[in-house]
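Participant: Let the hints inform the model, and build the full structure from the sequences given.
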Amino acid sequence: MRVSRRTIVMGSVGIAAVAGVGWLMRPKSVPVDIAYATREPMRVTVDAEGRTEVEDRYAVAAPVTGRLRRIELHEGDMVAAGTIVAWIAPAPLDGPSRRQAEARLTAAQALLHEAEVRVAQARVAEADAKRVAERREVVFRAGGISREELDQMTLAHRARADDLAAADARRGAAESEVAGARAVLAGGESAIAVRAPVRGRVLRIPEPSERVVMSGTPILELGDARALQVIADVLSSDAVKLRVGDAAEVVDWGGEDALHARVRSIEPSAFTRVSALGVDEQRVNVRLDLLDSPPTLGDGFRVEVRVTVWERPEVLTVPASAAFRRGEDWAVFVIEDGRARERLVRLGHRTAATVEVLRGLEPGARVILFPSDQIADATRVRPTGA
Numbered sequence: 002m003r004v005s006r007r008t009i010v011m012g013s014v015g016i017a018a019v020a021g022v023g024w025l026m027r028p029k030s031v032p033v034d035i036a037y038a039t040r041e042p043m044r045v046t047v048d049a050e051g052r053t054e055v056e057d058r059y060a061v062a063a064p065v066t067g068r069l070r071r072i073e074l075h076e077g078d079m080v081a082a083g084t085i086v087a088w089i090a091p092a093p094l095d096g097p098s099r100r101q102a103e104a105r106l107t108a109a110q111a112l113l114h115e116a117e118v119r120v121a122q123a124r125v126a127e128a129d130a131k132r133v134a135e136r137r138e139v140v141f142r143a144g145g146i147s148r149e150e151l152d153q154m155t156l157a158h159r160a161r162a163d164d165l166a167a168a169d170a171r172r173g174a175a176e177s178e179v180a181g182a183r184a185v186l187a188g189g190e191s192a193i194a195v196r197a198p199v200r201g202r203v204l205r206i207p208e209p210s211e212r213v214v215m216s217g218t219p220i221l222e223l224g225d226a227r228a229l230q231v232i233a234d235v236l237s238s239d240a241v242k243l244r245v246g247d248a249a250e251v252v253d254w255g256g257e258d259a260l261h262a263r264v265r266s267i268e269p270s271a272f273t274r275v276s277a278l279g280v281d282e283q284r285v286n287v288r289l290d291l292l293d294s295p296p297t298l299g300d301g302f303r304v305e306v307r308v309t310v311w312e313r314p315e316v317l318t319v320p321a322s323a324a325f326r327r328g329e330d331w332a333v334f335v336i337e338d339g340r341a342r343e344r345l346v347r348l349g350h351r352t353a354a355t356v357e358v359l360r361g362l363e364p365g366a367r368v369i370l371f372p373s374d375q376i377a378d379a380t381r382v383r384p385t386g387a
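My numbering numbers the first residue of the sequence shown as 2 and each following residue consecutively.
Calculated from the structure, these hints are not laboratory results.
There's no promise every hint is true.
Unchecked claim - Derived CB-CB ranges, DEER-like: (1) R351 / Y37: 11 to 21 Å; (2) L345 / V140: 31 to 41 Å; (3) E41 / A160: 28 to 38 Å.
Remember, predicted model here, so these are calculated numbers, not experimental data.
For each residue, glycine too, the CB sits at the ideal point set by N, CA and C.
Facilitator: Here it is as structure tokens:
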């Protein structure tokens with residue numbers, strides 16, 4: 002049978018048309034962003050905003066009622082312990098005022114005696130903590146304890162040393178109170194010298210001008226700007242994950258490098274704060290010791306704190322945007338032979354950027370990021386940029 006040329010042409014056209022329709026109706030591949038399951042270090046942190054604060058702040062107050070001369074010091078000036086920071090001309094005493102001054106002298110002498118006892122107790126505690134820290138260091142060098150245990154003993158010794166310094170400062174303040182009370186009883190128009198109880202920097206002067214002040218009115222605040230701590234308020238749900246001694250980093254303080262810190266204490270009671278979204282939040286103050294404080298960092302500066310609560314040198318991770326809920330389980334889409342394949346996975350620790358994969362994936366697997374409702378099991382996909 003002879004087939005005409007016209008029939009052959011029409012058949013070819015029909016086959017091409019059918020093939021074209023089939024090509025147009027074939028399932029199109031969905032472009033997707035991908036990432037790889039990789040083994041890498043992972044760290045889980047509790048992040049919070051905080052502020053720096055001088056550890057031992059001393060408010061120098063007027064010891065008597067009288068006229069305060071203009072304060073010649075300026076905020077930021079350094080003063081030594083015993084330096085005269087202000088002069089007050091006491092008001093003349095009447096009968097009742099003199100009896101009050103005598104009672105105040107008696108009370109000041111009692112406080113001075115108490116302060117001296119506390120100094121002695123703090124000195125004994127500091128010496129004992131120092132001996133323990135030295136013995137622990139010897140054990141650490143021999144491999145008997147971990148670095149964390151040694152750091153805890155070092156921090157304990159530092160705390161006892163701070164307690165001794167604070168007790169000694171309170172004794173100086175009590176001595177000033179006794180001197181002021183005696184000066185009031187002496188009467189007359191001679192001015193009373195107000196002295197700094199400790200060595201430190203002038204942090205704040207409420208009012209430098211000459212004026213009449215009542216006894217107990219704050220004149221200025223002193224503190225050692227080099228001895229800084231950080232106070233961070235964290236969500237109560239995050240605070241329960243923290244432990245005293247946890248390592249932390251202080252970032253966004255103005256310098257390039259992160260500062261090392263360690264959790265000193267976690268307050269036992271929370272407070273309510275309204276968030277930027279208007280939601281009531283229960284938050285807890287966490288105090289951290291700065292282990293390396295730069296001279297440019299001062300009192301009341303804003304910082305960001307990252308406290309490490311879990312860390313491993315190598316775990317299998319994928320971006321958090323790849324995981325999604327599938328009932329009670331977690332799942333990801335992996336790419337195999339150009340198609341999306343759903344895999345159930347078991348996840349571990351999470352951060353804002355990554356999640357730990359405990360089971361269900363192998364290193365090097367390609368996972369789909371931000372899977373949309375266009376993607377299901379066996380959907381053809383095409384990595385963007387491929």
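Participant: For every hint, state whether the structure bears it out.
Facilitator: Hint by hint, here is what the structure shows:
1. A hinted range of 11 to 21 Å holds for the C-beta pair R351 and Y37, which are about 18 Å apart.
2. For L345 paired with V140, a C-beta distance near 48 Å fails the hint of 31 to 41 Å.
3. Evaluation of the 28 to 38 Å hint for E41 and A160 yields a pass: the beta carbon distance comes to about 37 Å.
Checked against the numbered hints given earlier, the structure breaks only hint 2 and satisfies all the rest.
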